[in-house]
Every structure is written in structure tokens, then in C-alpha cells.
Amino acid sequence: MTRYVMVADLRRCIGCQTCTAACKQANSTPPGVQWRRVVDIEVGEFPNVKRVFLPTGCQHCANPPCEEVCPTKATFKKDDGTVQIDYDLCIGCAYCAVACPYDARFKVEKENFAYGDEPMPHEAQRLNKATIGVAQKCTFCNDVVEAGVASGHKAGEHPDASPACVNSCITGALTFGDKDDPESQVNKLLDQSEHFRMHEEIGTEPGFYYIWDKKNMGDLL
Amino acid sequence: MTETRYVPTYCYNCVAGPDPMKVRVDNGVACEVVPNFDMEEMHPGNGRVCVKALGLVQKTYNPYRITTPMKRTNPKKGRDQDPGFEPISWDEAFDVIAEKLEALRAKGLTDERGLPRLAATFGHGGTPSAYMGTLPAFLASWGPIDFSFGSGQGVKCVHSEHLYGEYWHRAFTVCSDTVNTRYIISFGFNPESSGGPSAARRHADARVRGAKRIQVEPHLSVTGGASAEWVPIKPKTDLAFMFALINVLLHQSPRESLDIPYLRDSTSSPYLVGPKGYYLRDPESGEPLVWDSEAGVAVPHNTPGVKPALEGCFTVAAAYELGPDKEKYPYENIDGNTAFTLMVQSMEAYTPEWAEQMCDVPAQTITRIAKEYLDNACVGETIEIEGETLPFRPVSVVLGKTVNNGWGAYHCVWARTVLATLVGALEVPGGTIGTTVRLNRPFGNRLASVQPGEDGFMVSAMNATDKENWESAPSGRNAHKALVPIVNSGAWSQALGPTQLAWMFLNDAPSDWMRSTFPDVWFLYRSNPAISFWDSKQMVSIMAKMPFIVAFAYTADESNHMADILLPDATDLESTQLIRAGGTKFVEQIWEHEGVILRQPAVDPQGETKDMTWIATQLAKRTGLLEKYYKALNRGAGGIPLKGEGFDYSLDPSVEHSVEEVWDAACKAATSDYSGGKEVKDLEWFKENGFYMVPYKRQDWYLYPTLKAKGLRFELPYQERLKRVGEELKRRLHEQGVHWWDEQLEEYEALPAWDDVQARYNKALEHMGGTEEQFPLWGVTTKSAQYSAGNNAGIQLMDDVANNVRGHGSVIINAQTAQKLGIGNGERVEVRSIIGFTRGRAELVQGIRPDTICIPGQFEYWKTPFAKDLDYPSLNTVIPMSLELTDSTGSGADLVRVSVHRLGGDS
Amino acid sequence: MTSAFKGKGALPRLQTSWDLRAACNFIGGGTGTGLLITTALLALFGYPYFGAIILGLACVGFGLFMVWLEIGRPWRSMNLFFHPETSWMTREGILAIPMFLLGALTIFYYPQSSVAAVIGIIAAGYLYCQARMLRGAKGIPSWAHPSLTPYILATGLTEGMGLAICFQALASEALLAVFAVLLILRLITWSRYSKGLQQSGAPQASCAAINNIRSLFLVGGHLLPIILLVIVTFASELRVVLVPAAGLLAAMAGWLSKAVIITRAAQTRGFAIPRTPIRGQGSANEASSQASKQGW
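Residue numbers (the numbering used here), protein chains in the order written: chain S, 1 to 221; chain B, 1001 to 1907; chain V, 2001 to 2296.
Treat the hints as calculated values from the structure; they're not laboratory data.
Worth double-checking, as some hints may not be accurate.
Computed list of lysine-lysine pairs in DSS-like fashion (alpha-carbon distance at most 25 Å, straight line) [said to hold, decoys possible]:
hint	chain 1	residue 1	chain 2	residue 2
1	V	K2293	S	K214
2	B	K1868	B	K1076
3	V	K2008	B	K1820
4	B	K1708	B	K1076
5	B	K1467	B	K1730
6	B	K1328	B	K1545
7	V	K2008	B	K1868
8	B	K1307	B	K1708
9	B	K1643	B	K1708
10	B	K1631	B	K1621
11	S	K179	S	K215
12	S	K110	V	K2008
13	S	K154	S	K77
14	B	K1276	B	K1723
15	S	K215	V	K2008
A few chain V residues that face chain S, going by a derived Cβ cut-off under 7 Å, partial list only [unchecked claim]:
hint	residue
16	Q2015
17	H2083
18	S2113
19	A2117
20	T2263
21	P2274
22	R2279
Model, not experiment: these values are computed from the prediction.
For glycine and all other residues, C-beta sits at the position ideal for the given N, C-alpha and C.
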């Protein structure tokens, strides 16, 4: 089986939003729509304050609440572990958006562009009218990854088989790959580190892991 | 069916570049900027570009672009005036400009005061030269040009580091040797926002490796946020912290824990200093004396085999001190302290307990950090690099912008560099290293700039301060040669002089200084000084008086609002240029390769926009300078000499050449040069491959081995030469009856003493008619990765993604302070200083001192499309340009006393 | 320019996917089904049901129409029937069909109280679907909270019965008594919901939004109707005015509460992390890793 997951190393991430912008370009999302973004969180009180830069987006849950509630089956789980949307089925009820615990879904009512109502040439070139009025979110760049894998690359370990955010990340904070492949880079990283998943208590089984420390050697002994 | 191709090119929007990238072009339309993975192994940022580069697609297709030349029809200039720009042809534009320039040449290149009639201002840190094609060759062919009208130079850069870093260790910019370091004390250094992919990646690797970074700054920046520890310090009191670190090292740690051999043999620490504060010199050779601890006698420092005493006071039989203006003070049986001993004495009072009073950081924190620094320094350890054994000192101290500008900055740079020398960590693996030179030649190789100078130090040319040669009548409007000896007089020097003086003196010069004049013609490229400097209102009013402005224009903006002619140049993804990459460059661009990288059109230029090389060629042609222009190009004015050892791709100066011909020659010349004649690659090859690189030795990241090989010492800790130069400068100015620079002259100290910078600001405020009670808070600013040096506030994508970043577009204020002031999160506030106000939304945070507010970036646009509708505040609007707050290098700090109050209105 | 921007930081934010139009579905659906259920019960006892069924279906229809206005692709709305396996929205949609068909049948062709009763049963199912729909919205803790389900059921019934007693023909003493009991029941479910949010977790802003309407809800929606009903027992001549007033007040309180729940007390989970990252080594540093769940 295949289970595509994302691993974000919080020690590395600096919240620069290069991934956010790369995702916006790769998927040609309209203003304000960010399938991938990095949340900038302050923790603590003055003077003991930290900032945590938390890459987020669709967590491609194993138990996706969005899929459960979707009345049309537009949202569905693929056998590669990702959660996808069939834009042609979706009625845009946004039930999935309120079901998502990760605030990862968007709906855009009408075409809009960076500088108003008229598209720039690249916006016109990439305009996908199917996304108007329906739910949209991170796909883990499924088309790219599938094509890359089909041409013989290992998912997440070659730029042609990796999501745009991973390719763009300047600190090496994002890693993508197959959790079911024991040899994958994501498994190696997770084996070496302490990590968590977000809102795990609600049973969504997200496919998005956050590394916060090296492996605690005490645990290994 | 979509036809897709990927075009290799580079981004050099900020000095942390160039970074390689590819442009994805679908059916002839540029759609995406993606990494260039062909350079993943070579580029320290792994072939990636930062978020700013991703804005270049929108930059290309921005509907607000100016795409034809324009001329002003309204002769009145000012913010409130509509320029009435009308489209004209390139021919007409060149006619108008050529007429102006020819008239100017006829009158003389300089005016009655000896000031150049032509002035030019370029944006951030030399980056425009990576986009301006062959314009430098036109400038070189012209003659004297005034580069002193700054657009942020000296106040937005790391100015004191530029000057003193280069002076002490050929370090125009300084960084930690991040790939090897274990411990970094960062005073406001913000590489996670402004260091590009190279710095970001290196620091991320270091964190994961376990390197610890302590971030000392009033506002918790992104870098602070990504550090192991944040130490909130009172603004501009970093010096107290640093002095206390030195105090702990010198007075609370065993002497042998320091790197004694390094201090003794590679610094001026053992030099003996006489009663007047100058070195005691050998009457025969004139060389500074050291105390030969084995022979028990004073000998010249360069005596072979000498093992000088590091510390102590010794009686010297015969010596003299060399004072200002070559005055000699001879002595017999005179006591001399070593420079090191004088430093130990001068630092004695600066205990952590004293520092706590000054900088509001607990003494025990300072002491702990000093001990951690010392513990991590690994004094005595070595590392093997490419077969060479080098010292390994994995500790570093780095400084941010506001620490590095204005009053106290000289002291801080000194303290930082001394902290490195005390543990032998200057210019060695793991330590504090420089990355590039700009005041010394050659720019491409700082090691090659190391030449023996006087007194056992590297040569460092300074502007003359002796009576015969001091430039009493300034040849530029900021008087950099007259006022700032250390800035020297190279290509970059003028722009590193006191650039705000150039602006201020157009309005109002001190009575004992000559009146300035407006240049007849002012060129403006990739720069928007109307918003990027201080006291924006005054700036705009001065700019409105400029008689004739030629602005290379992307969109309408606040500066070209005053222009007479707008020339739309082809931008980043539309034009051609070959630049150098690799080796060691600005910030943390430290490579194991060096070579050249091509920028090429991914798409055709929009509208009538033209490649800068074509524009420069036409300017040269129309002003009759074509031959000189090509000769300058052949010499290397375009960045690459076209003729060198074993190759000659010089262009025939008698005929006009196309853009392609020019860069084809540059491609061939560069590859011939880097390959030693083995390979010649033309422009077509570069268009396909993007770059040409050869290995660069890792050893060459460090200056220490070169210094050692040449038998030279770092000119630290004692600043005998600066003291002498300062004294001479004082004499020259006083001889002219000039006293308004007197306070600045006090900075020429041999051993810097505590400078209470906050007190200076309070005093200056009083002089401007305000009180501390009226303006109880400190206003600071911070850079953001999405905007730093990008001149990209008009790019929607940047705002889109920057909205995720804490504080973007806001007034960042401590939550408790805000509560006391009755300000809620998201409410509109007004930030007032003695010169005006700026308005924006408040963002309440914990990560800022209660006595400080922070306004990120530079906004408050009123003309730039899109940006003008953002309603974001800008600290630039409220910082005064003040002579009183200008230091001896001519720089000032991004700091101002402010008050904040709620305006009402929604969130 | 419309912006889908979701705001900064880790704090829960007010969802903007469902607005007042979606709230109207819960208002119309709750009130309508409540009325249909009440009518069904009364029909079995021989009360007239014709007008009440029309009104009940109209309420449900109004709710569906409003939500139809909200969905992004209204002309594809038939797709909503595709996922009965797990989607309570599909199930709601499916139940709407027989409910309206039977309604039409009752009104136009086959006016039988047994049919009205069947409508009531379907309406109960419909109301239950609505309650479960909110519970399935795991992104909005104040909706997903299990204690909201009984409240949605209770308020639907209360609102419906509130409308029912506006019909003089239906407003028997017995029904008024049941209504009074329902009011108290609703108050209990509300209070359990409100307390449940405070105790076991919803963002502060959601709790605050619920708290904001506490007095109005309590006094206007419960105390006042009960006082009116008490007055009626003493002054029966005022019955014709006060009973409908009491019913409407109770219904309006339910509408208000649902409008607030959907559009105000509707914060997302925000971004909680159990550990902050360790950047660089050192024991003090490692010990400093902490959890962060802001805005709760």
C-alpha cells in the first residue's frame, strides 16, 4: 500500500512563506487562497516567549471528517492515502470546510485576480473555472507526484515527484513521501526524531507529522 | 496542449543573492518561479530562491507597469501635483535626455562649487548592478557623478560593519561560520528574514545539528523566534551587554582560557602604548615596539622569532610616539603598557552588574552567556580542511542593522571583533568571518585584497587627513572624503558616506559649511528614496526641487512622481545579464564553487520596455560617449573584463553592438577566465545551461591563514591609527572653523568607552522640542523575508503570503503596554514622533519589550499602485534626519522616541 | 476583491463558510419540523392540521431555499443525494423528499391524520439529521460538541410548538402545558450545552458568544413566555394575544440562538501544538519545550 504523508521539521521552519507562495503559483490559487501556509505562533509570555512556525494545510487524514460529511462524494480518499476533491461533483455546500479541524478548505465564489477583475496573462493561462464555487484545498500536488512516480521517481525524493511546497522550501523543513515504504525519507526522518500530529485527540489520523526534537536517546535505551 | 519550458536564470533582488532559479513558461507565458535543481549541490541555498523571487511573475505582468517612455507635462513638482505623464517614443525620450546631458557637458561636468552636475541613485546594496546591464559602463564613461543621494544607505544597511569590518578583517559583511559553529550570540542579526536561502538553510542545518543561537534584541524577530533563546534588551544598549561579555572574559575567567597565542601573534595586543596613547615606536625603524619577554627588552614587533609579552607595563629605553600630522614625541626610559593591558583596564568597570543597569538584562544571564561562549570556543582545538590544519573556534558574535548603524555602532563592531579575537575565533573555522570586500579590491576575492601595510597590519587606504591632501572643498554632496576617512574613495565609497547629509544640506547646511547645490540631472534606478529613507515628508519636498530627474520606472511610485522622464526598463524575467556568483559574497553566500550565472529573458519584454544594456548603449551613443563606453566595458565595467590573460573578446569600440553581442563576449571571457582558457562557452550555451562554475576552496572562506602567511596581524584591540586620523581630521575641520562635526570626532577613540546612545536620543529629542514623557516609547523596525530589499510592496502575492506573518503591516506592541494604553488587538493606532505620525493597526504580542514598539518593513506608500491602498504604517515617516544623531561614519540608526494612542475605528 | 484569507496566528477564528443563510436552514428546518411533529401528535388526537402542515413545510422549505442560495453550485444540488452512507446532509436531503411529497399528498389529495403523523415521524428524522449535521462539523468545536444535539432537538420542538400555539384551534390547555414543559427542557439542554462548552472545550470566543445572549435567551425566550402563560391562566381574555406572543417569543429565542451558534459562536479549533520545537541543544533549552493551545 501507499500512504503519502508530509513531515514538517519545526526546528527548521522560519515562516518565510516561500512554500505558501510556491503553492499559490503551482496551483494558481486566487488571492487569499492558500492551500499551504505557515502559521506564525507566539508561545509564552514576556519575557519568556518563543515563536513557532507551523506549516499547515490539508492533513490528508486517514479518517477525514470532510469526506465523512460530504454529501456528494466529491471529497474522497485515494488509495495513496491522500484526500482529493472532484470539482465536478462538488456543490459547494462548504460542509467539508466546517468539518475540517485544520481549517484547510477554501471556497471562492467568483473569479478574482491579484489586481482586480482582469487576469494577468499567467492567471488567464492557468485559470481553472472548475474551482469556482466549490471546495478546494491542498492535493499534495497529486498530479505531479503521480506523473513523477509513473516516470520512475520515488515520491518525495525527486523534484519531479514532489509537491511544490517541498521543492521550494529553503530550509529543508518539508519532506514528503510514502509512510508505508520503510525505506522512504519520511520514515527515516520520523525514526530519528520526536514528532507529533495536530489535534490527534479527535481521531482524524492526519498524514502530516511535525518534528520538534531529535529522538530522545533515553527512549531508545 | 500546453507547451512548457523551463528557463534558467537568477534572482538578485537583495544582497543575499544571487540565487539560481528557473522560470516555468507555459505557451510563452511565465507562470512559475521554481528552484534550479541543477545547482542543488553547489548553491548554499540548495538551488532554491526565497519567497521574494516568487513575486517576479506578478512583477512581469503587473497591469500597472509603465510600458512606454513618458514625459512630464506638469512643470510643478510635489506630492500634491499630478505629473501629467504622457507617453512618448524612446527616440523622443533619448532626445530630451541627450539634450540635457549635452548642455550639462557643455557647462562642465562639475558646477561652480565643484560638485558633479550629474547625480545617480541606485537601490539596495549594489543589487541594481545585477540588473542594470551595461549602465555602469555608461557611468564610467561619463566622468564625475554624485552618488551621495542615498535611498537608505547608511541607515538601512549594516554601516559600521561595512567600514570597520572591512578595516579589521576584510569583512564588508560579517557572519558566523554557520556550517561549523556551535554557539552564536546574535545582537539583532536577522538572517532568517534577510539572509536569503543560503543563510536560512545554513542556520536551519546548524539548529538541527545542535548549534545554539542566543538572540539579543528588543523585539522578538523571526530569527529570534527561531533561536534557542531570546534576550529582550533595551534598544541600542547592546554595547553594555558586549562590554560585559568582554569583562567576564577578561576579568572573571582564567587568562589561559583565552587564545593567548592568537592574541600574542595575530593581533596588536602586545604593542606597547605610550603616554599620549600612540604606539611606542622603534627610533630606528619606526615600527611599533613589543616587549620581548625572553630577552627582557623592547623590540620591533616584526623582530624574527620574538615572543612578545601580552600583558604588562614595561620601561622602554628609547622610543617615540607618532602623533597626528607626523608629529613625533620622543622618549627615553618611558613606561609603556601593552595594548592588551590597556584594554583589560578599560573594560574593568563594565561588569555584568553594571551592564544590567544599562541594558536591562540580568547580570547572571550575561555572565552565563559569556561562560557558554567561552566553553564553546574550543580554544586550542583544530580542524582539518582540505588537508590543512586550521584553528577550530566554533563561536561567533553577529550584529543586526540597528546595532550596526549610528552612534555606538563603531563600539559594538569593535566589541564584537574583540570578542572573537579573545578566543582566537576571528576568521577561522567555526568563528566570526567576513564574506566580501567593497572598499578594497578585488571585489571578487577578499583574500587577494590582503596586502602588507604599515605597522604589521593589512594595508587599508583612507581618505587623506593631512593638511596638504585633505579635501577641504568636498567633491560630492555628502562630503564623504572630507568627513569620513575610513570610507576611502573607491567605487562604493561615496554611497557609504553620510548620505543623509547630502539630502539635509540641500535644505539647510550648518552656517560654517558650504551651501550645497542641486545636480542638474538626477538618474534614479531600482530605488524609491521617497519612502525608503527617513523623514519621508522632507525627502519628498527636497526631491520635488530636483531640476531634472530621469527615472527608470517600473510602475508609478513616490519617487518617480517627481521625475521628468520615465524610462521603462525590461525587468528581471525579461532581460539579459551575466554576473559572478559563488565564492564568498554578501551575508552568507559562502560557496564551494565560483563562477558566473546568466539572467536571460524568460519571456519577451512587456510593451515597449527595453533591456538596460540597450538603454545604456543608446545613452552612450546619444551623448557621444560610445567609444569610451565600450572601452569601459572591455575593462570590465559590465562586471566581466572582456580581455584577460590568454583571451580577448573585446568589443570594437567604434561600432554599436547588440545586447546579445555584449553578453556573448562576456560569457566567452568569463568562461575562458575561470577555465584557464580550457573552455569557452557562448551566450547560447548559457541560455541552455544557465551557469558556469569551478571549485572554490573552502580554506578561502577564512582570512586568518592568509594573514598568517603574510606575517600580518589584525589591527585589534587598540585603534592607534583611528585615534591619529581622528585628531588630524579635527585639526583640519577646526582650521576651517567647522565645529558641527565635533561630537562625531569624539568617536575616534583608541579603546572605545561606553556610549549612552539612549541618552543621545533623549538629548536630541529635547533639542527638537520634545520630552521623554511626551514620547515614552522606543520605535524600532524589523525586516521581513517577503519584503526585505525587494522594492516589491506593489506585488500582491507578497502581501497575500505576508499576511500570515505576525506583525505584517501593523504596529507591533507589547500586550501589557497596549492594555495600559487602552489599545485592543487590531485597533487603529497613531504612532507619533517629534516630526510627525504614522497610522496603522495595532498587533498585540508578547514578544516585544513593554517600552518598545516595532513597525516592520517600509510602507506608507501613497503612489505605488496596490501598495498605496494597503494602509500600513512606516517608521520611516517618523524618524527625523538629524545631524546630532549621525555618527562619525555618517550613519544613523533606525530608532526614534514615539508615543502611541488609539484612534478608534474597527479592527 | 473577495478574500478567503483565514487570519493569522494560532487563535481559533470565526468560520466564514456558513453564514446567516445556512443558519436559516437550521432555523427553518428546526421550527418547521418542530411544527410538523407537534401537528402530527395533535392530528392523532383529531386536531385540525392543514394550516400547520403548510406552515411547517414552508418553514423547512424556506430553510432549504436559503441554503440553496448559499451553495456554490446550486444547479448541481441534486448531487447531494450521493452519500447517504455517512453524510447527515445527504440523509437530511433524502428525508426532505417524502416529507414534501406526503405534505403535498395531505394537502391536496389525501387529507388523513395518519399521513400527517407519518410526516411528523419523517420530520423528527429530519430534525435529528440537522442536529447530527452540526455534530459532524469537527472543525467547529462548539458545533461538534455532543451536548448541542439535544439542544437542537429541544429547540426545534419548542420553536415548532411555539408556532403551533399561535393557531387558536391547536392551543389547548394540554398543549400549553406540554409547551411549558418543553420550554424548561430546552432551557436545561441549553444550559448543559453552554456549560459543556465552558468545561470541556470550545474556544473562548465561542463561549463568549453563547454567553452574550444568555440573558436575552433566558428572559425573552423562557421567563417571559412562562409569565405570559401564567397570566393567561388568570386572565383568559388575554389568551388570544398572550399565547401567540409566548409562542413567538420562544420560537424567536430559538432562532436567535441558532443564528448566534452558526454565525458567531463558530470558531475553528485554531492550531494547537503539544510541543514547541527544540532549536539547538542544551538541557535548559530542552526542558523549555511546551504545549500551546491558544484561545481556549
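Quickly compare the C-alpha distance for K1643(B) and K1708(B) to 25 Å and report which way the hint goes. This hinted pair is violated, its Cα atoms lying about 33 Å apart.
### Message
Hinted pair, alpha-carbon criterion (25 Å max): K2293(V), K214(S). Please report holds or violated.
### Response
holds, 23 Å
- request: Take the C-alpha atoms of K2008(V) and K1868(B), compute the straight-line distance between them, and say whether it is at most 25 Å.
  value: holds, 22 Å
Discussion item. Check whether the Cα positions of K154(S) and K77(S) lie no farther apart than 25 Å.
Written reply: Holds, because 21 Å separates the two Cα atoms, which is no more than 25 Å.
Starting from K1631(B), check that the Cα of K1621(B) is at most 25 Å away, please.
Holds - the C-alpha atoms of K1621(B) and K1631(B) are around 13 Å apart, at most 25 Å.
Go through the hint on Q2015(V) and say holds or violated, using the shortest Cβ distance to chain S against 7 Å.
This interface hint holds because 6 Å falls under the 7 Å limit.
request  = Verify the proposed pairing of K1328(B) with K1545(B), using a straight-line Cα cut of 25 Å.
outcome  = Given pair K1328(B), K1545(B) is violated - Cα atoms ~50 Å apart, limit 25 Å.
| task | So, H2083(V) near chain S? Judge it on the closest CB pair being under 7 Å. | result | holds, 5 Å
Q.
P2274(V) was flagged as interface toward chain S. Is the shortest Cβ-Cβ separation under 7 Å?
A. holds, 5 Å
Could you grab the alpha-carbon distance between K1276(B) and K1723(B) and see if it respects the 25 Å cut-off? holds, 11 Å
**Message:** So if I understand the rule, the pair passes when the alpha-carbon distance is 25 Å or less; does K1708(B) with K1076(B) pass?
**Reply:** violated, 61 Å
* Distance restraint between K2008(V) and K1820(B), which requires alpha-carbon spacing of 25 Å or less -> Holds, at roughly 24 Å.
Hint compliance for this structure: hints 4, 6, 9, 15, 18, 19, 20 are broken, all remaining hints hold.
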